[in-house]
Amino acid sequence: MSNAPVIQVSNLRTVFDTPAGAIVSVDDVSFSIERGQTLGLVGESGSGKSVTSLSLMRLVERGGGRIAAGSILLKAGEGEPVELSTLPMSAMRKVRGRDIAMVFQEPMTSLDPVWSIGDQIAESIRLHQGLGRADARRKAIEMLRLVGIPAPERRVDDFPHQLSGGMRQRVMIAIALSCRPSLLIADEPTTALDVTIQAQILDLIRRLQAEIGMSVLFITHNLGVVAETADRVAVMYAGQVVEEAPVRDIFATPRHPYTLGLLASIPGSAELTADHRLPTIGGAPPNPLARPEGCRFAPRCPLAVDACRTAEPELAEIAPGRRTRCIRWQEVAR
Amino acid sequence: MTRFVVERIGSAILTILGASIIAFIVLRALPNDPARLIAGPFASDDVLNAVRAQMGLDKPLVAQYVDYLVNFFTGDWGFSYGAGKPVLPLVAERLPASAELAIVAFVGSFAAAVILTVLVSFSRSRLLDGALRMLSFVSVGVPPFWISLLLLMLFFEQLGWFPGPVGRGPAPAAVTGLYTVDYLLAGNLRGAVDALWHLALPAFALALGSFGYLVRLLRANLLDVVHEPFVTVLHSKGVAPVTAHFRHILPNAFLPTLTAGGLILAQLIGGSVLVEQIFTWPGIGTLVIDGITRQDYAVVQSFILLSAMIYIVVNLAVDLLYGYVDPRVRRS
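First to last, the protein sequences are chains Y and X.
Letter by letter, the first sequence follows residues 3 to 336 in my numbering.
Letter by letter, the second sequence follows residues 16 to 347 in my numbering.
Because the hints were derived from the structure by calculation, they are not lab data.
These numbers come from a predicted model, not from an experiment.
Every residue, glycine too, gets a C-beta built ideally from N, C-alpha and C.
Some clues are possibly wrong.
A partial selection of chain X residues facing chain Y, derived with a Cβ cut-off under 7 Å [what the hints assert, rightly or not]: (1) 251; (2) 253; (3) 257; (4) 266.
Calculated pairs, SDA-like style, for lysine to any residue (alpha carbon to alpha carbon, straight line, at most 25 Å) [said to hold, decoys possible]: (5) Y/96 to Y/214; (6) Y/96 to X/262; (7) Y/96 to X/172.
Chain Y stretches covered by chain X per the calculated footprint, using a threshold of three residues with CB under 8 Å from any CB of chain X [stated by the list, open to error]: (8) 58-67; (9) 91-97; (10) 100-111; (11) 204-216.
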């Protein structure tokens, strides 16, 4: 088994052309995920995490976006790496669902309401594995059993409205994993679920990841979830990765003021402010049409100096496997 | 599912009863004395009383209503003094012409609306979409009587491509009363084409509004469904756009259109009064206009109840069909 990363994203730049101007949603994003590993992609709403994942799937083009620069190299199985950013759409459709699969945030609206869940799982199987109707149905039942749906032989003909949110998310996972993808993109898969169900779904993803040996890109704004699931973490802010490190290091010794701010605002671990409130990061993320010169976090950063406001910092390697986009990272301390 | 069917049929029966009460009250509320209309302006009180007794008008209102209802459902729809015949055979004779016109108009508008809208939405072309929207606005906005006259002027008077306002063509041997079908049953293809030729202009005039309405409805529904998250999921599975559009998006968007289709069909059968009048189409529309102008109330009353019943029955059929095609209704 080769050690090449399953996915290697380099300097990805995704742009939405709007009448008000080009919005650069993802700017110079680079990361890679080794086989069997999980990368947690963290950031607040609008930081570009979802656009990053949609770019990997080339689904961003359906929403009016385009990949303006960078490379997305996929190495599925034992084959040669494939450059996804310029792949013709017909070839990209074969990659989707087979090599990269995706689980979305909203299980309540992610399934076609007039198709049975079995047919929706079988659709992927028939599409990518060329199985006949009966075989695909058998495989769909098998997948339902795998994701822990009781009495799968009976539930296979159920329709989405007959299932709870947690059950529907299990069905979504069954669809995503039905073709044993090399990479699973989980875009906030537990955000819409009850806390107890969240834990079950996270367990399920972890268990199946070990079973299938796939890599996972786990997108979330919840640092607690990241601590539980990820091997490495990339923190996004205003369309850029601002820090990337092994999960333990991110929590122990954050090296970017934004990461520090995020950690400080986790309930439970955080020190309360003088008036017994959770600390917050002052200010708001910059308008993507009018981002500041220099470091994008500088206007909200307690450590910002003049140098931060003139030149945009690079995502620099500060230790093996650790990168940060901050010129004052040595001063960042918990 | 059985419970769903029983509930729907039960509510349909209740609605028909409601419509019958309205039809009954409308007749009773009219200022004219039916006995006076029948017996004439110079009849003596004795004669009028005799006529009233014969018609049951001397009974209490509730008893009259029950009589009326029983008579209606046992096939006695009253006597048309204008036509000098009982109402039921008169309506039975006219109904197929209206039904044929309505069915052709409905099938045409429904098929054209669905095909055009689905293809335009699949093409994702702003230009075609704009053109279709314009077309639908115009179709909805144009009054049927006006487009009828326009069609006649252009295609009958100027170009001579279609027959004029002469109603239906020569009658075939009656089986169903629908000329096109009867000609086909008799193996007479030319006759069937001729029957369709006579139908073309009035059906077009009648269909235009429904076409525009259906286009607007289906287009809006398609736009809604296209932006549903499950469509993104389909693409993430590697499903081809054509499969996503025709096998997933369309069935979802089609459901509300089905309901509207039922309403439109029922409306077309009973509501083609003006178009029938212009094309001298021998349907129930012209019968009702005659009935109103001659104060032939048995005809009008029967028409009200009959069109209400058609409306309710067609909608019942759509509801049941809905239960069949929509799993959310079927299983609940």
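Verification of the hints:
1. Annotation: residue 251 of chain X was flagged as interfacial toward chain Y, and the flag holds, the nearest CB pair being 4 Å apart, inside 7 Å.
2. Evaluation of the residue 253 of chain X hint against chain Y yields a held restraint, the C-beta minimum of about 4 Å falling below 7 Å.
3. The interface hint given for residue 257 of chain X is broken, as the beta carbon of that residue sits about 11 Å from the closest beta carbon of chain Y, more than 7 Å.
4. Hint status for residue 266 of chain X relative to chain Y: holds, with the closest Cβ pair at about 5 Å, below 7 Å.
5. Under the criterion of a C-alpha separation no larger than 25 Å, the hint pairing residue 96 of chain Y with residue 214 of chain Y is consistent with the structure, at around 19 Å.
6. A threshold of 25 Å between alpha carbons decides the hint, and for residue 96 of chain Y with residue 262 of chain X the separation of about 19 Å falls inside it, so the pair holds.
7. With a C-alpha separation of about 59 Å, the suggested pairing of residue 96 of chain Y with residue 172 of chain X is violated against the 25 Å cut-off.
8. Under a criterion of three residues with beta carbons nearer than 8 Å to beta carbons of chain X, the stated coverage of the segment 58-67 of chain Y is upheld, 3 such residues being counted.
9. Proximity of the segment 91-97 of chain Y to chain X, defined as three or more residues with a beta carbon under 8 Å from a beta carbon of that chain, is established by the 3 residues found.
10. For the segment 100-111 of chain Y, the stated coverage by chain X holds: 6 residues have a C-beta nearer than 8 Å to a C-beta of that chain, and at least 3 were required.
11. Here the segment 204-216 of chain Y counts 0 residues with a CB under 8 Å from a CB of chain X, which misses the bar of 3, and the coverage is violated.
Hints 3, 7 and 11 from the list above are not met by this structure, while the remaining hints are.
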